[in-house]
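S.K.: So you can see what is in the structure, the chains are spelled out below.
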Amino acid sequence: MTDAYIYDAVRSPRGKGKKDGTLHEVTAARLSAETLNELKRRNNLEGHVVEDVIWGNVTQVGEQGACLARSAVLYSDLDERIPGVSINRFCASGLEAVNMAANQVRGGAGDAYIAGGVESMSRVPMGSDGGAIAADPFLAAKTYFVPQGISADIIATEYGFSRDDCDAYAVESQKRAAAARAAGRFEKSVYTLRDQNGLAIMSEDEMIRETNMQTLGGLNPSFAMMGEQMPGFDAVALLKYPHLEKINHVHHAGNSSGIADGSAAVLIGNKEFGERHGIKPRARIKATSKVGTDPTIMLTGPVPATERVLAAAGMGIGDIDLFEVNEAFASVVLRFLQAFNADHDKVNVNGGAIAMGHPLGATGAMILGALLDEMERSDRETGLATLCIGSGMGAATILERV
Amino acid sequence: MADFNYSVDADGVATISWDVPGKSMNVLSYAALEELNGHIDTVLADEAVKGAIITSGKKDFAGGMDLNVIAQMKEDAGDDPAKGLFDGIMQMHGVLRKIERAGMDVKTNKGGKPIVAALPGIALGIGLEIPLACHRIIAADNPKAKIGLPEILVGIFPGAGGTTRLVRKMGAMAAAPFLLEGKTVAPAKAKSAGLIDEVVAPEELQARAKEWVLNAKDADIVKPWDAKGYKMPGGAPYHPAGFQTYVGAAAMIHGKTAGVYPAAKALLSAAYEGAMVPFDDALRVECRWFVNVLMHPSSSAMIRSLFINKQALEKGAVRPKDVADQSVKKVGVLGAGMMGAGIALVSAMAGMEVVLIDQNQEAADRGKSYSETYLDKGIARKKATPEKKEAVLGAITATTDLEALKGADLIIEAVFEDVGVKAEMTKKVEAVVGEDCIFATNTSTLPITELAKASERPDGFIGIHFFSPVEKMMLVEIIKGKETGDRAVAKALDYVRQIRKTPIVVNDARFFYCNRCIIPYINEGIRMVGEGVSPALVEGAARLLGFPVGPLQLVDETSVELGVKIAKATKAAMGDAYPDGAVDDIIFWMADEGRMGRKANAGFYDYDAKGKRAGLWAGLGEKFAVADEQPDVTEVKHRLMMSQVLEAVRALEEGVLEDIREGDVGAILAWGFAPWSGGPFSWLDMLGAPYAAEVCDQLTEKFGPRFSTPALLREMAEEGEGFYERFDESADAA
Numbered sequence: 001m002t003d004a005y006i007y008d009a010v011r012s013p014r015g016k017g018k019k020d021g022t023l024h025e026v027t028a029a030r031l032s033a034e035t036l037n038e039l040k041r042r043n044n045l046e047g048h049v050v051e052d053v054i055w056g057n058v059t060q061v062g063e064q065g066a067c068l069a070r071s072a073v074l075y076s077d078l079d080e081r082i083p084g085v086s087i088n089r090f091c092a093s094g095l096e097a098v099n100m101a102a103n104q105v106r107g108g109a110g111d112a113y114i115a116g117g118v119e120s121m122s123r124v125p126m127g128s129d130g131g132a133i134a135a136d137p138f139l140a141a142k143t144y145f146v147p148q149g150i151s152a153d154i155i156a157t158e159y160g161f162s163r164d165d166c167d168a169y170a171v172e173s174q175k176r177a178a179a180a181r182a183a184g185r186f187e188k189s190v191y192t193l194r195d196q197n198g199l200a201i202m203s204e205d206e207m208i209r210e211t212n213m214q215t216l217g218g219l220n221p222s223f224a225m226m227g228e229q230m231p232g233f234d235a236v237a238l239l240k241y242p243h244l245e246k247i248n249h250v251h252h253a254g255n256s257s258g259i260a261d262g263s264a265a266v267l268i269g270n271k272e273f274g275e276r277h278g279i280k281p282r283a284r285i286k287a288t289s290k291v292g293t294d295p296t297i298m299l300t301g302p303v304p305a306t307e308r309v310l311a312a313a314g315m316g317i318g319d320i321d322l323f324e325v326n327e328a329f330a331s332v333v334l335r336f337l338q339a340f341n342a343d344h345d346k347v348n349v350n351g352g353a354i355a356m357g358h359p360l361g362a363t364g365a366m367i368l369g370a371l372l373d374e375m376e377r378s379d380r381e382t383g384l385a386t387l388c389i390g391s392g393m394g395a396a397t398i399l400e401r402v
Numbered sequence: 001m002a003d004f005n006y007s008v009d010a011d012g013v014a015t016i017s018w019d020v021p022g023k024s025m026n027v028l029s030y031a032a033l034e035e036l037n038g039h040i041d042t043v044l045a046d047e048a049v050k051g052a053i054i055t056s057g058k059k060d061f062a063g064g065m066d067l068n069v070i071a072q073m074k075e076d077a078g079d080d081p082a083k084g085l086f087d088g089i090m091q092m093h094g095v096l097r098k099i100e101r102a103g104m105d106v107k108t109n110k111g112g113k114p115i116v117a118a119l120p121g122i123a124l125g126i127g128l129e130i131p132l133a134c135h136r137i138i139a140a141d142n143p144k145a146k147i148g149l150p151e152i153l154v155g156i157f158p159g160a161g162g163t164t165r166l167v168r169k170m171g172a173m174a175a176a177p178f179l180l181e182g183k184t185v186a187p188a189k190a191k192s193a194g195l196i197d198e199v200v201a202p203e204e205l206q207a208r209a210k211e212w213v214l215n216a217k218d219a220d221i222v223k224p225w226d227a228k229g230y231k232m233p234g235g236a237p238y239h240p241a242g243f244q245t246y247v248g249a250a251a252m253i254h255g256k257t258a259g260v261y262p263a264a265k266a267l268l269s270a271a272y273e274g275a276m277v278p279f280d281d282a283l284r285v286e287c288r289w290f291v292n293v294l295m296h297p298s299s300s301a302m303i304r305s306l307f308i309n310k311q312a313l314e315k316g317a318v319r320p321k322d323v324a325d326q327s328v329k330k331v332g333v334l335g336a337g338m339m340g341a342g343i344a345l346v347s348a349m350a351g352m353e354v355v356l357i358d359q360n361q362e363a364a365d366r367g368k369s370y371s372e373t374y375l376d377k378g379i380a381r382k383k384a385t386p387e388k389k390e391a392v393l394g395a396i397t398a399t400t401d402l403e404a405l406k407g408a409d410l411i412i413e414a415v416f417e418d419v420g421v422k423a424e425m426t427k428k429v430e431a432v433v434g435e436d437c438i439f440a441t442n443t444s445t446l447p448i449t450e451l452a453k454a455s456e457r458p459d460g461f462i463g464i465h466f467f468s469p470v471e472k473m474m475l476v477e478i479i480k481g482k483e484t485g486d487r488a489v490a491k492a493l494d495y496v497r498q499i500r501k502t503p504i505v506v507n508d509a510r511f512f513y514c515n516r517c518i519i520p521y522i523n524e525g526i527r528m529v530g531e532g533v534s535p536a537l538v539e540g541a542a543r544l545l546g547f548p549v550g551p552l553q554l555v556d557e558t559s560v561e562l563g564v565k566i567a568k569a570t571k572a573a574m575g576d577a578y579p580d581g582a583v584d585d586i587i588f589w590m591a592d593e594g595r596m597g598r599k600a601n602a603g604f605y606d607y608d609a610k611g612k613r614a615g616l617w618a619g620l621g622e623k624f625a626v627a628d629e630q631p632d633v634t635e636v637k638h639r640l641m642m643s644q645v646l647e648a649v650r651a652l653e654e655g656v657l658e659d660i661r662e663g664d665v666g667a668i669l670a671w672g673f674a675p676w677s678g679g680p681f682s683w684l685d686m687l688g689a690p691y692a693a694e695v696c697d698q699l700t701e702k703f704g705p706r707f708s709t710p711a712l713l714r715e716m717a718e719e720g721e722g723f724y725e726r727f728d729e730s731a732d733a734a
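Protein chains in written order, with full-length UniProt numbering: chain A, 1 to 402; chain B, 1 to 734.
Don't read these hints as lab results, they were simulated from the structure.
Fair warning: there could be bad hints in the mix.
With beta-carbon atoms standing in for the labels, derived distance ranges [to be verified]:
#1 B/V626 <-> A/D164: 19 to 25 Å
#2 B/G594 <-> A/G160: 57 to 63 Å
#3 B/K231 <-> A/D79: 42 to 48 Å
#4 A/G160 <-> B/K231: 46 to 52 Å
#5 B/D80 <-> A/H24: 34 to 40 Å
Derived pair list, reagent style DSS-like, types lysine-lysine, alpha-carbon separation capped at 25 Å [stated by the list, open to error]:
#6 A/K240 <-> B/K256
#7 A/K246 <-> B/K256
#8 A/K142 <-> B/K637
#9 A/K246 <-> B/K612
A quick note: this is a predicted structure, and the numbers were derived from the prediction, not measured.
All residues carry an ideal CB built from backbone N, CA and C; glycine is no exception.
All chains should be built: construct the whole structure from the sequences, respecting the hints.
M.R.: Here it is, written out as structure tokens:
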């Protein structure tokens, strides 16, 4: 089988995904195109050089509708002969795009791909694409549907993470992200987003903030009301988890991932591709995985996805030097640490989505880039990135430096 | 004889008057639907007819559908009952849709004939679904008339277009109380809610209906959903507002029905799927879900127990046939404690003269004041009137004087649970009352035959066991002692009919029927806690079974003290054979710790200062550690279910229970036994006797002989027979 390599990874800064976020004025197509242009610029991608642009994007309506991937290619400076495909694996879309690209390269379907994704959450609100799993009474009942925040609270209850555990994790994430940004650790990937006149709009993540246990302690749990009162999702959760007496609502805005705008792209190809274009591979994509899990607790996917990707790579958890586990909610990462008895010093060393935000379709590609940058910086050989996914799924990727 | 009368007046207005011969209330039969169809055809075909009024020849419009129609459709279809139901119900949709379209041109919506529903009184179920298909609903202003779609209460949903039409008329949110809760309202409220269009004085009903027919324009008879540009009130499912409604409704219904009641979920699916397609498609969608519910074993079991058999028992299915009417005129209630006070209240409410006796006047007065408080609350909630209060209180004489019992035809004794005390009361009272007077005891623990020994007339001695609180609990358990005669049984049954409760009649044995089943259920829950099963899992498993309260909460509600008392008495009676020592270890300790239950604000649960349950008591886990390995929830469910269900089977085997219908109805009404299942015997039938016996064998091996398969169940397992197959005939004959 052909090996698939990562040649480069870039991302936009992450903007606050609200009306007062810096990227709110930038369309999703433009935000995508700027990232594609940056990758093209850095790697001289002239002509019909890649087979496809696989673009993760969750809320595919409005300006993100009608195959945004193709729109993004046409908006960008890439050759129009390069097509585009939008994919949606919820929060792991960006990683899934990379995995699909890698596996097509490994299978011999072309020499190279661009994979990544975008989400402009400030412009196309999360959930505005509807969805049968929540609204179709038959499906919602069959899956014991509850919103993700409730699922994260079920994880905390089921696996015994207190509010303090979650807050402490969040404080640490912010601390790590702030230190990493100050030390310039994101500069390798993050480009300065510019307008059509070349004026800089944004060059650094804007959501990282200083916080402490006391500040976080003052925040109200976000999901208690919908869980305990209207419409009462806890009652549904307790039918699926009858051994729990009640759901402990520990998550709030401060220990959950932030709503964000952003975009990221990864250049993936076989060995010949690099040789032909005179660029060096940075890492090999050793193995990929995706898995379905219980849709009610929903967000425990990183554990089986990791087990599966390790098995595919013929590795053990101890063989991995660095981890990126998407910080959708504090309890998701705490569960990962608990399940593998993993060392927090190896996991999310430069912070994560709790500090920097989680632009749904892009995050998977962003954390893979972050993993690669840190593997190079701290000279580690192996890394694993994984994300929990809506409706009960998980995805993971193992990288190996070359 | 026809169910509908057809006439046309001089102005060309046809009247289709529903008047089922020989019945006080119209219900729709299969043949009547065809009849209605024929009349509609005539209205539409006869050029001299300008429009029609669908009304009733009785004081009410209709009480609903004859549920046998559904059984008939199933039966007629032979080996493909779903197809039979689907075709039958689609045919019904066809008739109603014909009324609604009334001959209009498909494209222009012109040329139809106005058809109005004129409702003189009650209009329930199909009795509202037919009007909903008409172009206007006018109701007489009759505050006693109930209008609504109560189908959900018997485990089905409005399946003759009621669901689809109401959602389109009012929007999902506004329709929810009527569809999902089966709320029924008086005409004025029905009008303000948008359920009907107009309310007029009763004497003007027909004239107003005719006036409307004669003046209706083409546009007046086009339903919004048949007109161009229709938008669903509150938004369709993928409209932003509608989305929130449907997501919320799906979760709320799932949580509230604990996943065990199929009807509400299916109703919601019909509404959701139907909201996204044109009206005729929506009717087909509704029909598919309705058939799905009708084919679900839970719906037939619920209809059978909560509707057909409950009604049969209330109408005297088990009453001795040859005994003349025994309606009670004057009842003497002995003991004005909580039970006695409640019994006095419900008796006086039913129009009986009541003498409430206690040892001192103060206690007797306190018992009577219970009625006053109850009625004051009712007045505050507009459920009662000051006149009613006056009448009820006027009917109750609170006294210490046994002489006041003279002329009573029924005595209900509710004094302290002590054989000696009761015997003394029996003797004293029998000396005062006439020979014809029936003496009933409300004991819940003492054998009737034993208590009857104190009576001069043991054939007139009987048990009438009420549940607490008397005014709320709908079941009354009547217990025959060895010598109890038919007249005493008839008296008790006629009395229960008067107070509008549901009776079951059982034979005398320890704890009769209901408590016999409840106690092992509670004990099994407690026993599991002792074994290290997490209390939350025990309660959670009960929740999954659709029990309103888990066994531990039930102990708290009925008090640990009572549990201890019953345990001690049972142990004394059974001696070495007493099987519940493991349970006593826990409840005796709880009692020692002062955790007596809700009354003490401390039991298996903690309670806050206001008495609100605040979660399981952590101290329980400290004493009885929760094991690391927890059982599968299915095993916990089986233990909780079998512990009570097997008692029901044993009660049947032993002849304590004579009729499985009573066993099923009684279980649901007395202790909230999983209503979705239709009762213990229906539940066993759903499981199938072979599988049920297998479960028992497994449980016996693991947990002991209390789960051993009763011989009757074993035999049925071998023959592959269900309870309702085996006992249906005898039940009918009873």
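S.K.: Between the beta carbons of B/D80 and A/H24, is the distance compatible with 34 to 40 Å?
M.R.: violated (59 Å)
S.K.: May I ask you to test the hint 19 to 25 Å on the CB atoms belonging to B/V626 and A/D164?
M.R.: With Cβ atoms ~23 Å apart, the hint holds.
S.K.: Taking the CB of B/G594 and the CB of A/G160, does the distance hold inside 57 to 63 Å?
M.R.: violated (31 Å)
S.K.: For a C-alpha distance cap of 25 Å, please report whether A/K246 and B/K256 respect it.
M.R.: holds (15 Å)
S.K.: Cβ-Cβ distance between B/K231 and A/D79: within 42 to 48 Å?
M.R.: holds (46 Å)
S.K.: For a C-alpha distance cap of 25 Å, please report whether A/K142 and B/K637 respect it.
M.R.: With Cα atoms ~20 Å apart, A/K142 and B/K637 stay inside 25 Å; holds.
S.K.: Do the alpha carbons of A/K246 and B/K612 lie within 25 Å of each other, as the hint requires?
M.R.: holds (15 Å)
S.K.: Does the alpha-carbon distance linking A/K240 and B/K256 stay inside the 25 Å limit?
M.R.: Status holds; Cα separation ~14 Å.
S.K.: State, for the Cβ atoms of A/G160 and B/K231, whether the hinted interval 46 to 52 Å holds or is violated.
M.R.: holds (49 Å)
Hints 2 and 5, counting from the list given before, are not met by this structure.
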